[in-house]
Each structure stands twice: as structure tokens, then as C-alpha cells.
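K.L.:
Each chain is listed here by its residues.
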Amino acid sequence: MNDNILWLNKLVPKHVLLDDSEVEEKLEPLNVKREQLPRILLKDPALKALDKEANPGDVIEIHRVSESAGSNLAYRVVVEE
Amino acid sequence: MREMIPKRIGKIDFALMGPKEFRKLSSTKVITADTYDDDGFPIPMGLMDLHMGVIEPGLRCKTSGRKMDEDPGHFGHIDLAMPVIHSGYSKTVKDVLNATHPSSGRIMLTQDRIDHYNKQIQALIDSDAGTTVSIGGISRRAVREAAKSKTCPHCGEEKIKVTLDKPTTFREEGRKLTPKEVRSRLEKIPDSDLLCLGFNPKITRPEYMVLTVLPVPPVPMRPSITLESGERSEDDLTHKLVDVLRINQRLRENRDAGAPQLIVEDLWELLQYHITTYFDNQTAGIPTARHRSGRPLKTIVQRLKGKEGRFRSNLSGKRVNFSARTVITPDPYLSINQVGVPELAARELTVPVRINIHNLSFMRELIKENFVPSNPDKYIPGINYMIRPDGRRVKLTDENWEFNHDRLEPGFIVERHLMDGDVVLFNRQPSLHRMSMMAHEVRIMKGKTFRINLCVCPPYNADFDGDEMNLHVVQSEEARAEARILMRVQEHIRSPRFGGAVIGAIHDHITGMFLLTHGEASYDIDQTVRILSRVENKKDLPKPDYPKAKGGPRWSGRQIFSVLLPDDMNLKYNASVYFADRTPKENEELDMVVEIVNGNMIRGPVDGNSISAFKGRILEEISRLKGADAARDFIDKVTRLAVGALMETGCTTGIDDADVPEDALEQIVDAQKKAVKKVDKLVSDYNKGKLKPRPGRSVEETLEVEIMSLLGKVRDTSGEIAGWHLGMDNFAVIMARSGARGSMLNLSQMAGSIGQQAVRGERISRGYEKRTLSHFNKGDLGADAKGFVRSSYKRGLNPTEYFFHSMGGREGLVDTAVRTSRSGYMQRRLVNALEDLRVKYDDTVRNTANTVVQFKYGEDSIDPTRSKFGDAVDIDALIEEVTSGGK
Ligand SMILES: [Mg+2]
Ligand SMILES: [Zn+2]
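Order-wise, the sequence lines are chains A and B.
Heads up: the first sequence runs through residues 1 to 81, numbered per my numbering.
Heads up: the second sequence runs through residues 1001 to 1887, numbered per my numbering.
None of these hints come from the bench; they were simulated from the model.
Check before you lean on any hint, since a few could be wrong.
Selected chain A positions facing chain B (Cβ under 10 Å, derived; list incomplete) [claimed, not checked]: (1) N9; (2) K10; (3) E25; (4) E28; (5) L30; (6) E35; (7) P38; (8) R39; (9) R64; (10) S66; (11) S68; (12) G70; (13) A74; (14) Y75.
Positions of the beta carbon are idealized from the N, C-alpha and C atoms, including for glycine.
This is chain A alone, in the form it adopts within the complex:
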């Protein structure tokens, strides 16, 4: 995480851009294929605030605070529109 002002807001969860090997490693046990993931728009401010530039087809891991489970990981695939 960089020091972009966006991350200072407690309502913005941590976003991590996964590389291809990580994607396979994380999605395999979930039994989810890339095209079955929920989507995140390329123009999403969180993606612009990442260190690396995200491209359509990339997978983002989101570290969310969960009311029921404490913390929770969600995955989203980047789409242009």
C-alpha cells in the first residue's frame, strides 16, 4: 500500500493487484474461474491509487472488514466497462 490519500479513509478496504501465479493459487481452492468473478471497473479510484497499473483481466484481492467473520477476502476481475 502506498500513501495515496484514498487509503486513509477507513471505509476504503485494502486492494491488492495479484500476478498471474497468485491468481491461480488463490482461485483454485475457491473453485472459481476468472470469468466467474465479480467485476471492478478499470476507472475505479482504488485501482488508480495502486502502485502498479491494473489492466483489464487482472484480478484484485480486496481485504475487507467483515461484521460476521472479522476479515474477509474478496476477488474481482478488472474490466474496462
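Dock chain B with the ligands against chain A, hints included.
P.N.:
Just chain B with the ligands now, with coordinates in the frame of chain A:
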């Protein structure tokens, strides 16, 4: 059926269909308005031509060769002698005519602008994000811009405006344009200009909006019916098509014979009328087409539109068989998972039973009982129909029952009347959550109402002021198994909303249990046995708590209740009657704390906090740890025990329960006078400008807040004063404190004082100029002038108080009305958005496209129904168990 193999739809184009496609799709050309010949056989190339499908058993479709019920039919077509405007598109036709130039057919925009709009639309199409709305918006702008230009940018000629006389007449400076002229103008528009007019030139053309071919719907879509007299009666659509064909024929003959232009035009217009009404018989501006009897014809739009249309009445909502509806009434002797069904309904509702060697003789007996009842007073299910192995249904009658009784054998199916123990679905609208439809076991009863146990009123939100409910008999073994496992009432005692019980003791059950168990309540042997005889109990009678009492041994109510508790239950908690304003020790001494050790109730009363829905601790414990069936059993027994206790002690409330002594009333009046004086002091301070504002508030707000809190306090004090004189010997108080019904606030408003009335959370301030009512001085900010009600409900309100009270009361009514409609719409939108989500076996939540919505159900994979108010594990109980040495 081969044709029933499911296929995935790749793509759908919604577009205008052209004459070529109509002909390609057509199974036959229809040329004659006649339907059947003298033998009743469909005439070839008539409206009932066998190529368009069959509606008579025995005949076969000439297109597909299938029989009546296998064939949805095939379209035919009529070649129109002259083109006719499609009335549904006349507005689009007008727009296109006004946007284009008649002689060249070019859209009246410069090439630059055409390219500009084309590019925008093409980009939307290519990105696959184009919708009819987004593309339509651009083309509408293009059309509007083109319609504005007076001269054509391509040839410089002037353009005359085309007007539309609804529904289908076009005029150019008063001169009528024939559909033929309109069509030829539309034909001229080059493909390259179509995109910005909103047409996709690859699949459609604007001239398709003027019909030259009329499709004829398949015969099964408009079947003729044979009346009892043997006369054939045709469908309204067929009637309309007959009209079209007749006029079409006459028009062709007259035109070919060179008849005067006037006659041809008249016929042409008549054809236009018939085709317009064939589509929509309520088109504005033209008379409705009627049947010979004067009844308006139901044509295509009428079939689809409105409440009785195909969508709302046949697709979104359906009527079903094997269902019943009647008024509900209570029956405390039923189990919560039973429903009392009147005999009358039970004899109409049936369950299909397949005959095998085990049930053959029983079913034979039922058939016999149906026709020669051995005991007319006793309900014995009968059999309405019998289905033979070859699929034929046979109705059992007085004449044939003996014959059918004898030939009944394994493989037959009989439709048996409802009997005790059958599983049915029971429902009350509005069905807002899954507990609105639960499976019950049938109990056949006399009378004409459905009977239910009172504990299932809350999940259905039912009462007995005339409520009706629906009952559905499940028809297959699979459905029955599913209903049994998933839908029975006991499976729904715990709510998925918050992980606690929603079904539990209510009202009298709670009062009864409290009266049974509170304080030193005890019962002699007769009473004890009478109460306990209402529940099935295999344990021995415990040793009496008061063996040496006068007049024989006595059992405490707690002992009687303990019979229902599991032996391993250990609990300690505050009862509902617990005094929040006293110390725990005082409460324990007053018997306001419940303690259960090894399934024996040691102290405390059983009240709302023990057995009611939402907060009953014992119920909660049993339903979570012992399972649904144990919880059902517990609720059933508690309610029976409560009724038994009430029969011994009695319980009544009346207006004298709100009686307080004269000096208490004086105390209340005194307290009120003091508070009102303080209010007057505040007001005079304010008027003199001496009132200091509180932080963050204006002076006015400060005054209001102070007054509200002062008057709130005096309401509480008068409630307390009244409360001192309303003790536990008062049944209204018992009901309120034990959590059965009502609250101490209700009681203090009856006995003490009603208190401040509010609208929108503020003292009442609206009405006349600077005052609420003309009874007060302008600018009066005192308690009485702004809605403070000193009186109690029992003593009665004075006129101004009554008026203020009505203002506050109305707000409550309006709020509920607004809330129900808003939350109803909200619910609808949520249901539509979420209805096809499923929790898969890997705990992911997915939609029908199998894309993930949630990676783990609820993010913790916990079924809230089995949780303790949302938590997977009851940590406190575990710690308690471990620290107490694993008891
Ligand atoms: Mg009602
Ligand atoms: Zn066919």
C-alpha cells in the same frame, strides 16, 4: 419429446419483420375467409388450414405431422391487396417521413452530421454496451435535428411537413398520403442513412412499418370452441381475420376490375380499420370492433394488456388446483405443526396414491366407505377419481363403484381425500418471509374454518378478526418429502433473520405460566394431576415441595413446570418481571431471578423471558441444543400447561385494574402542577431573554428541549406513583410485567396521565396563527397550549387535550400507511434482485450465470437459523460449562 432438449440462447435480435420473412415463416397462404366445409373439415387455404396446426383430436398437422397436443402450430400469411400502415408504428413512420426528403429519400442532414451520428451509434454497437435506450437517444436526436431543416442539404429542395391524423392517416398540407405512397417514400431511403434513423440496415427496413403481408397466427392460438348445441364458435382473432380476408378480397376484385377510385379508397380504408383493430381494439380515434352480440372483440393487445392480460394473470400469477381458502380460528389443543381442516374442504382436496400390495385393501375399504359409510358421523376419507395404468381417469359413482372396487389392483392411482397426518402447505398473505408458508399436518375437523395453534400467529402475522388463509396439498412424494424436511413449522421456530425463536408462547400462555410458577404458588394433588394430565408425561410425580401443608401435600408450580425441562438444563437469568431499578440481590429476594439446576427449576417465575418468542431463554436453549422436534414438543406442552394453570387460577382484567387511590391521584396532580409551574418559569425566562442556550442549540431549541424533558419526567413520575398502587395482585400488571400483553406505560397512561403529545417529534405547534387552538392566547408556549395531556384515559380528556391526542394519533396512522407501501416496494425490488441467488455446496453464493456474488455465504458460512443471535458459537455458555467442571 425430441423438441424439448434445452438449448442455450446465444443472441436475440428485436427488430421489425419484413414481408420476405413473413412468407418464409408461413406454412400456408390464406386466401379464403371460410373456415370449415359442410362436413366440419378445415378448408385448405382457409383460416383453419391444417398446415397451421390442429385443434381436433385425431387429425394431424400437415406441416409437422404432429397430433393435437404435441403441436404448437405454425404461422400462415395473407397477401394484402394494397399496403396498410401498421398502427403501432404510425408515429415512427411520421418521424421518419419528416426527417427524410421524399424525392431522394435522403435524411435531411449534411453528410458531416450523418457521419457524426453514425459513428456514435456504431461505437455503441461495437462496444456491445448499446441498449435500445442509449442508441434510441442518439437516433432520436438525429431525427429531431433532421426534421428541423426546411430544405434538403443534398438537393436544396424544400420539404413539406407531414402530419399524422391518429391512428393511421398521413397528410401533406391537407392532402392524404396513401399507404402506398408512404411505403414508396420509405423504400427510397438508402441503407447508409438508416443507422442514424435508428434502424439496423442489416436486419430491418423502415418500409416494414407498412404491411404488405399479414401473418396469420397458428390455429392453436385461436382455437374454435364447440358449444353444447353443437354449433361452432370461433375465436375473436379468427373473426377479425375473417373481416380482413373479406375486405381484402373485395378490394382486390374492385381494383382489378377498374372500379372508381372512390370505391377502392373506401375499401382500402376499411381494410386499414380491420387490421388496426386486429392489433388493438382500443386504438384511440377509431370505433371499437364488436361481435354480433355487441360485445367488443378481444384482439391481440387486449389478450396481453392489464390485470386480466397474459402477463399479470397467466405468467406472473397463476391459479392452482388442490388448494383451499377459508377463515382461520384458534385451537390451543392442536400442535403448532398441525392445521385443522374442515371436512367439507377435505373431501374436495385429494392426494394421489399409487396402489401397491400393502395399501390395496385399505384403499378398497375407503372406496366402500365412500358409498356405504359404516358410521356416517365419523370422517373417513373417500376416493373421487381412479387413474388406470393406461392413464384413463375414472370418476367413481354410485353406479360404478362396486365394479371399480373389485378391479382395483397395484399400478392404479387413486385420488384419496385428505386425512389426518397428510402434509399440506399453509400460507397467509402478504408472504413477506419464508415463515409465511409452512408445512402443517392435517387434522380433519367439524366446522368450516381452518384451525391453528396460537403460537404460529406471529410468523404468519395472523389474528382471528376475520383473517383468511390458503392451504395447498402437495401432490408428489418428492414434494411431500421436501415439505416435511424443509418446511414444517418446527423447522422454522428459529428465524434466519436474527438467529432466535420466532415461534413461542404468547399472551395467555405467558400469563398462565406466570400464575402457575410465581412466588409461593402451590397446588394440591387434585390440581397438580389436573394440570399435568394435559401433557404427556412419562416421569413420576416428583416429591411434593410442601409435604406437610394443611389439607395434604402440595406441589409448587415450579415443580410442575420442571416436568417439561430436559435433565441437563442449567440456566440462570433475569425474569421479565425483574425490577431494573433495584439491585440484583433485592431482585433475587423478590423471586425475580430464574435459576434452573439439572432440569429443576429452583426459583423464579416462568414468564416472557423464559418461553416467549424472541426473548424466551428456555425456549431458545431447547430449540438450539435439542433440535426442532424437541422445541415443538416443548411449545405444545407449555401452552397446554398454561391453559391448565389458567383453568385453576383464573385471570381477568377490567377497568378497575386502572383504579388508583384518591391520594395517589392528588399526588399526580401535584407533580403535574409543579412541572407546569417550572415550564411557565422557563417560558417567562425565555420571554425576558434570560434563558441561556445549550451548547449547539438556539434559545428556542433549548426551551423546547427543556420543556420536553420536564414534561417527560412528570409523565414518568405520575406513572411511578400510579405504579406503586398497582401491585402484582393486579392482572393488568401481571400481563404487562410478565411480557404477556401491554406495558406499564399503557397502564400508567390509563391510571395516571397520558403525557405530552407530539407531531414529528416536537410539541404540537401547528394550527392557528401563533397558537395551536383558539382556546389559547397567541404566543402561549405553556404546557397546556402545546399538547400536554394531564388527564388519564380512565378519567377522560378535556376537549383541547382530546384534539391534541388526535393529532398525535393521526401521525401514527399516516406513518404506518406510508411505511407499509414503501417497504412493500422495497421488498419487491430486493426480491427481484436476489431471487435467483443460491448458496452452492462449496459455500459460495452464485447467480444463475454461475458467477460469484459472495465467496463465502455471509462471509462466515454460518446458517443464522442455527446460530445464537448471529454468533456461530455461544462462548459464554462454553466458558460457564468448562469453568463449572464440565457439568
Ligand atoms: Mg386480522
Ligand atoms: Zn405442426
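K.L.:
May I ask which of the numbered hints given earlier this structure violates, with the numbers listed in increasing order?
P.N.:
1, 2, 3 and 4
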